[in-house]
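A.B. asks: As they're listed, the protein sequences go chains A and B.
The opening position of the first sequence corresponds to residue 1 in this note's numbering, with each subsequent residue numbered one higher.
The opening position of the second sequence corresponds to residue 1 in this note's numbering, with each subsequent residue numbered one higher.
Note that these hints are calculated values from the structure, not bench results.
Every value quoted in this text rests on a predicted model; they were computed, and no experiment measured them.
Among these hints, one or two may not hold up.
Within a straight-line C-alpha distance of at most 20 Å, the following computed EDC-like cross-link-like pairs (lysine to aspartate or glutamate) qualify [to be verified]:
no., chain 1, residue 1, chain 2, residue 2
1, A, Lys9, B, Glu242
2, B, Lys243, A, Glu236
3, A, Lys118, B, Glu216
4, B, Lys243, A, Glu238
5, B, Lys243, A, Asp255
6, B, Lys243, A, Asp233
7, A, Lys118, B, Asp80
8, B, Lys243, A, Glu131
9, B, Lys243, A, Asp73
10, B, Lys243, A, Asp235
11, B, Lys243, A, Glu133
12, B, Lys243, A, Glu246
13, A, Lys253, B, Glu242
14, A, Lys118, B, Glu26
15, A, Lys276, B, Glu260
16, A, Lys276, B, Asp80
17, A, Lys118, B, Asp190
18, B, Lys243, A, Glu141
Where chain A lies over chain B, by a calculated footprint (3+ residues, C-beta under 8 Å) [what the hints assert, rightly or not]:
no., segment
19, 98 to 111
20, 151 to 157
21, 175 to 185
22, 207 to 213
23, 216 to 228
24, 239 to 245
25, 271 to 284
The C-beta atom is built at its ideal place from N, Cα and C for all residues, glycine as well.
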Amino acid sequence: MVWSPLFMKIHEFQAKEILAAYGLPIPPGQVATTPDEARAAAASIGGTVVVKAQVLVGGRGKAGGVKLAATPDEAAEKAADILGMNIKGITVQRVLLAQAVDIATEIYLGVILDRTSKAITIMASAEGGVEIEEVARETPEKIHRVHVHPLAGYADYQGRQLAFDIGIPPDLSREFARIVRALVLALNDNDAELVEINPLVITEDGAIQCIDAKINLDDNALFRHKDLAELRDHDEEEPAEQAAREAGLSFVKLDGTIGCVVNGAGLAMATMDTIKLSGGSPANFLDIGGGARAESVENALRIILDDANVRAVLFNIFGGITRCDEVARGIVSALPSLSRQVPMVVRLVGTNQDEGREILREAGLVAADTMQAASQEVVKVAGA
Amino acid sequence: MSILVDENTRLLVQGITGREGTFHTEQMVQYGTQVVAGVTPGRGGQKACGVPVFNTVAQAVRETGANVSIIFVPGPFAPDAIIEAVDAGIPFVVCISEHIPVQDMLRAYHYVNIKGARLQGPNCPGLISPGKAKVGIMAGDIHIPGPVGVVSRSGTLTYEVVSHLTGQGVGQSTVVGIGGDPVIGTGFIDVLRMFEQDPETEAVVMIGEIGGTDEEEAAAFIQKHMTKPVVGFIAGRTAPPEKRMGHAGAIVSGGIGTAESKIAALQAAGVDVADFPREAALLAAERILL
Numbered sequence: 001m002v003w004s005p006l007f008m009k010i011h012e013f014q015a016k017e018i019l020a021a022y023g024l025p026i027p028p029g030q031v032a033t034t035p036d037e038a039r040a041a042a043a044s045i046g047g048t049v050v051v052k053a054q055v056l057v058g059g060r061g062k063a064g065g066v067k068l069a070a071t072p073d074e075a076a077e078k079a080a081d082i083l084g085m086n087i088k089g090i091t092v093q094r095v096l097l098a099q100a101v102d103i104a105t106e107i108y109l110g111v112i113l114d115r116t117s118k119a120i121t122i123m124a125s126a127e128g129g130v131e132i133e134e135v136a137r138e139t140p141e142k143i144h145r146v147h148v149h150p151l152a153g154y155a156d157y158q159g160r161q162l163a164f165d166i167g168i169p170p171d172l173s174r175e176f177a178r179i180v181r182a183l184v185l186a187l188n189d190n191d192a193e194l195v196e197i198n199p200l201v202i203t204e205d206g207a208i209q210c211i212d213a214k215i216n217l218d219d220n221a222l223f224r225h226k227d228l229a230e231l232r233d234h235d236e237e238e239p240a241e242q243a244a245r246e247a248g249l250s251f252v253k254l255d256g257t258i259g260c261v262v263n264g265a266g267l268a269m270a271t272m273d274t275i276k277l278s279g280g281s282p283a284n285f286l287d288i289g290g291g292a293r294a295e296s297v298e299n300a301l302r303i304i305l306d307d308a309n310v311r312a313v314l315f316n317i318f319g320g321i322t323r324c325d326e327v328a329r330g331i332v333s334a335l336p337s338l339s340r341q342v343p344m345v346v347r348l349v350g351t352n353q354d355e356g357r358e359i360l361r362e363a364g365l366v367a368a369d370t371m372q373a374a375s376q377e378v379v380k381v382a383g384a
Numbered sequence: 001m002s003i004l005v006d007e008n009t010r011l012l013v014q015g016i017t018g019r020e021g022t023f024h025t026e027q028m029v030q031y032g033t034q035v036v037a038g039v040t041p042g043r044g045g046q047k048a049c050g051v052p053v054f055n056t057v058a059q060a061v062r063e064t065g066a067n068v069s070i071i072f073v074p075g076p077f078a079p080d081a082i083i084e085a086v087d088a089g090i091p092f093v094v095c096i097s098e099h100i101p102v103q104d105m106l107r108a109y110h111y112v113n114i115k116g117a118r119l120q121g122p123n124c125p126g127l128i129s130p131g132k133a134k135v136g137i138m139a140g141d142i143h144i145p146g147p148v149g150v151v152s153r154s155g156t157l158t159y160e161v162v163s164h165l166t167g168q169g170v171g172q173s174t175v176v177g178i179g180g181d182p183v184i185g186t187g188f189i190d191v192l193r194m195f196e197q198d199p200e201t202e203a204v205v206m207i208g209e210i211g212g213t214d215e216e217e218a219a220a221f222i223q224k225h226m227t228k229p230v231v232g233f234i235a236g237r238t239a240p241p242e243k244r245m246g247h248a249g250a251i252v253s254g255g256i257g258t259a260e261s262k263i264a265a266l267q268a269a270g271v272d273v274a275d276f277p278r279e280a281a282l283l284a285a286e287r288i289l290l
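Please put together the full structure from these sequences, using the hints given.
C.D. replies: As structure tokens, this is what we get:
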């Protein structure tokens, strides 16, 4: 059990490139990394353009990362404003310049691999342009859904049904259904978890255009999409989470003071909870996986101690496939090379626990017997 | 009694010659599980861990009467292995493999249902009926036979609870790890129903975690259909929203799947929910002694 599945996000301009191949109506656009490039891009697109920050976090519009520009010079100015901007901790390195369109109606259209209904679910709403989670919370009745059975595949009536459900003008319903089909195909072909157009707009002159696009890819399927795997944007990963992923560890950074090294995701969560219930606060979620070897333990410790908030570390290992002596050896061999020393509390039980505890004892580390005792001890030594 | 596997289980191991497959086959054989066949395409006619290896599941079933299969092949090949097993007429398939592409898993999931077979997992530790059969990767020696049924989405957290049960002298009828993926074959409700019908099971420990609404649905089932006492534990009270906690299914998203919601639903259904894993074992032990 190494790295558990996550999805991989890609940028809007990358999603649009993928979707353009399916014949979706997307306004012409170009990517720029400098104001000069933005000026040239705006000139070649012509007319008013939208300058859009390319970041993988939501809410860029509210943060000022999307601006209109009427001329190439204005596009360069707006690009200069947006490039380098900090949006939710991410520095904007690229902007997309896209031809502006006159919007009459904004629609939401999304296709997801829906694990609850065990199907591909297509969602549409006449309330486009806002976050779908918000619509789901405020006015859930405005979201219409159809489910595509994985063994039957998409049927064209499903797209037509959605068109009628959300009130697409009759003369555009055929085009809308064609777009729905293309999105389902794109999801299937690329092993995406989500393909979303928000907003899909009907323009003043009665055409449909995809203004924004989002694609999340299934990490577990990237082995058969080498080209897509290369789109991963390392600049936007939490550095500790990136280091953990590369070391084959499942890691999530939190803001507490007690680092946790645990084998198994469920036990890791229960350990965090126990620390909290003992009056402390966990600094991370970390699953070193089954059969964790000394090297994983060393990597885990390094990643945790890079977080300056961490004042103590708790190991909670229930040996099964994972052998306690192996973990103990990992802890001991990591000690000399650590960037700093913090108190460590180790709870080791299961396969080869006596050997493991002996190794710890020789290194001057004490093993705790139970999860609760270990949690109370680590909270005490962390001084939380 | 017990559920799903026992001394009549004739186990087939798909991927028996791989590293994981070999290691765990040895462990299962040592435990006393009747491992009757292995499958690795191209290795037919050989033996692994003293078990005959076949090229196809169909042939293995014909020649050995295997009635349960456990899958250790790498994730990308696991859906194929699941489909091969049910096509060969295996009624119960346990898939240990993880990292399966979701689209492939969705198709396999529906195919298993159409064929009327049962799937456990994927990304699960398997199951054990102590003293009878171990079909999984858990340490056998922490379990003892007895009256408590355990069903869980987690692996090591389950071992934690089981070791405390055993420490109290309270044994287990069957311990089922349903897996941490969002798309899994056998769910809480399936296992709860089987425990309710199993004469040997007197109480149930249900170990859930954040993400999805399976625990809430299980709570509704418990309220309506369970006469046996159920003790619960939910991991992930301190997990931040929108972050996956290792398991693909363990994510609080859009306000759905919080530990609070699950704990409240279970409590409303009359389930005693423990704060600590050890407490879950103690509560279950009390229920048995009452």
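A.B. asks: Each hint should be assessed against the structure and marked as holding or not.
C.D. replies: Against the structure, the hints come out as follows:
1. Lys9/A <-> Glu242/B: 14 Å, holds
2. Lys243/B <-> Glu236/A: 15 Å, holds
3. Lys118/A <-> Glu216/B: At roughly 18 Å apart (the allowed maximum being 20 Å), Glu216/B and Lys118/A satisfy the hint.
4. Lys243/B <-> Glu238/A: 12 Å, holds
5. Lys243/B <-> Asp255/A: 13 Å, holds
6. Lys243/B <-> Asp233/A: 18 Å, holds
7. Lys118/A <-> Asp80/B: Between Lys118/A and Asp80/B the Cα gap is close to 18 Å, so the pair holds against 20 Å.
8. Lys243/B <-> Glu131/A: 18 Å, holds
9. Lys243/B <-> Asp73/A: Status violated; Cα separation ~41 Å.
10. Lys243/B <-> Asp235/A: 18 Å, holds
11. Lys243/B <-> Glu133/A: 16 Å, holds
12. Lys243/B <-> Glu246/A: 18 Å, holds
13. Lys253/A <-> Glu242/B: 12 Å, holds
14. Lys118/A <-> Glu26/B: It is violated: about 35 Å lies between the C-alpha atoms, which goes past 20 Å.
15. Lys276/A <-> Glu260/B: 15 Å, holds
16. Lys276/A <-> Asp80/B: 43 Å, violated
17. Lys118/A <-> Asp190/B: Judged against 20 Å, a Cα distance of about 17 Å means the pair holds.
18. Lys243/B <-> Glu141/A: 27 Å, violated
19. 98 to 111: holds (count 12)
20. 151 to 157: holds (count 6)
21. 175 to 185: holds (count 4)
22. 207 to 213: With 5 residues closer than 8 Å to chain A, the segment 207 to 213 of chain B meets the three-residue bar; holds.
23. 216 to 228: The restraint on the segment 216 to 228 of chain B is violated, since only 0 of its residues have a Cβ under 8 Å from chain A and three are required.
24. 239 to 245: As far as the segment 239 to 245 of chain B goes, the hint holds, because 5 residues have Cβ atoms under 8 Å from chain A.
25. 271 to 284: The restraint on the segment 271 to 284 of chain B holds, since 4 of its residues have a Cβ under 8 Å from chain A and three suffice.
In the structure shown, a violation is registered for the earlier hints numbered 9, 14, 16, 18, 23, in ascending order.
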